[in-house]
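Participant: Just so you know, the sequences run in chain order U and X. Counting from 18, one number per residue, gives the positions in the first sequence under the numbering used here. Counting from 18, one number per residue, gives the positions in the second sequence under the numbering used here.
Hints in this document: simulated from the structure, not taken from any laboratory. Please read all numbers here as calculations on a predicted model, not as lab measurements. Hints may contain errors.
You can't tell identical chains apart in this list, so a pair holds if it fits in one copy or across any two.
Here are the simulated EDC-like cross-link-like pairs (lysine to aspartate or glutamate), alpha carbons at most 20 Å apart as the crow flies [claimed, not checked]:
1. Lys49 <-> Glu122
2. Lys49 <-> Glu110
3. Lys94 <-> Glu138
4. Lys94 <-> Asp131
5. Lys49 <-> Glu29
6. Lys94 <-> Glu133
7. Lys145 <-> Glu122
8. Lys142 <-> Glu85
9. Lys49 <-> Glu67
10. Lys145 <-> Glu85
Residue strings, one per chain:
Protein chains: 2
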Amino acid sequence: MEKPNTADYLDELRWNDDGLVPAIAKDHKTGKVLMMAWMNAESLRCTVEEGRAVYWSRSRQALWRKGESSGNTQELKSLRLDCDGDTLLLEVEQIGGIACHTGREHCFYRQFVDGEWQTVEQVLKDPKEIYAASS
Amino acid sequence: MEKPNTADYLDELRWNDDGLVPAIAKDHKTGKVLMMAWMNAESLRCTVEEGRAVYWSRSRQALWRKGESSGNTQELKSLRLDCDGDTLLLEVEQIGGIACHTGREHCFYRQFVDGEWQTVEQVLKDPKEIYAASS
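All chains, full assembly: derive it from the sequences and hints.
Facilitator: The structure is reproduced here in structure tokens:
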């Protein structure tokens with residue numbers, strides 16, 4: 018039997034012992050790094066097929082369609098793989114302009130200043146509001 | 018005895034079972050994501066104290082001062098931590114303009130196009146040349 022060529026691209030990744038790779042999401046307009054999450058083969062396949070970021074939630078051990086609760090989905094603009102085949106880079110359109118569950122534009126809102134981590138990004142929307150619809 | 022406050026910032030990270038966190042390096046001028054590597058507490062402390070990216074090499078199980086062989090060091094411009102405290106984002110000046118060991122500007126040189134990973138970035142310098150001085 019022929020191997021289905023539709024999934025060959027999944028074989029080129031070097032998944033870790035848990036079958037995962039880190040996936041970095043970057044805003045295709047602002048160039049900001051929004052977040053880092055994890056993908057397994059199934060979530061990468063879903064990402065490609067659905068054209069939006071689908072991660073693997075390690076805490077829930079389940080597919081995590083980013084924005085499934087908040088509506089803040091990440092539409093896939095481009096997808097890249099690194100030299101070692103063990104890290105993905107997604108350029109996305111961040112719907113709603115909020116990637117972080119704290120209600121901030123992105124997750125890297127703490128900056129190292131004067132020897133400590135200082136919050137340097139403001140909350141754009143109260144998380145209670147963001148997730149109200151799904152509760 | 019007082020706990021030395023100089024290392025308090027290390028305690029705020031959620032290190033994985035191997036004592037590591039992913040560290041994303043971004044070019045502070047171009048905004049491009051250059052690479053992803055790993056840091057342990059010691060490498061993060063060295064990064065902060067030396068003002069340049071010092072990773073932890075999982076393959077060599079040793080501190081990896083980026084550019085120690087190639088000369089292509091990464092001067093630290095800013096350092097950020099994400100909401101979960103388990104991923105770092107470095108903005109760096111990439112000395113030599115080459116972050117990838119393949120001689121390319123960055124490591125994410127394979128793009129997903131028409132169902133496969135296509136190389137879309139050119140080699141700027143032959144790796145043999147880059148690493149000649151150190152061999």
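Participant: Take the hints in turn and mark each one as holding or not.
Facilitator: Each hint tested on the structure:
For a Cα distance limit of 20 Å, the shortest separation of Lys49 from Glu122 qualifies both inside one copy, at 9 Å, and across copies, at 18 Å. Taking the shortest alpha-carbon separations for Lys49 and Glu110, both the intra-copy value of 11 Å and the inter-copy value of 16 Å come in at or below 20 Å. For the identical chains of this complex, Lys94 and Glu138 are inter-copy neighbours only, at 18 Å across copies versus 25 Å inside a copy, given an alpha-carbon limit of 20 Å. Taking CA atoms no more than 20 Å apart as the test, Lys94 paired with Asp131 passes between copies only; the shortest distance there is 14 Å, against 37 Å inside one copy.
In this assembly of identical chains, the alpha carbons of Lys49 and Glu29 never lie at most 20 Å apart, being 27 Å within a copy and 23 Å across copies at closest. With identical chains, the CA atoms of Lys94 and Glu133 are at most 20 Å apart between copies only, with a shortest distance of 15 Å across copies and 35 Å within one. Taking the shortest Cα distances, Lys145 and Glu122 sit within 20 Å of each other inside one copy (16 Å), while across copies they are farther apart (42 Å). With identical chains, the CA atoms of Lys142 and Glu85 are at most 20 Å apart within one copy only, with a shortest distance of 17 Å there and 44 Å across copies.
Proximity of Lys49 to Glu67 under the C-alpha cut-off of 20 Å is found in neither arrangement, the shortest distances being 23 Å within a copy and 25 Å between copies. For the homomeric pair Lys145 and Glu85, the shortest alpha-carbon distance inside one copy (15 Å) is at most 20 Å, but the shortest distance between copies (47 Å) is not.
The earlier numbered hints that this structure contradicts are 5 and 9.
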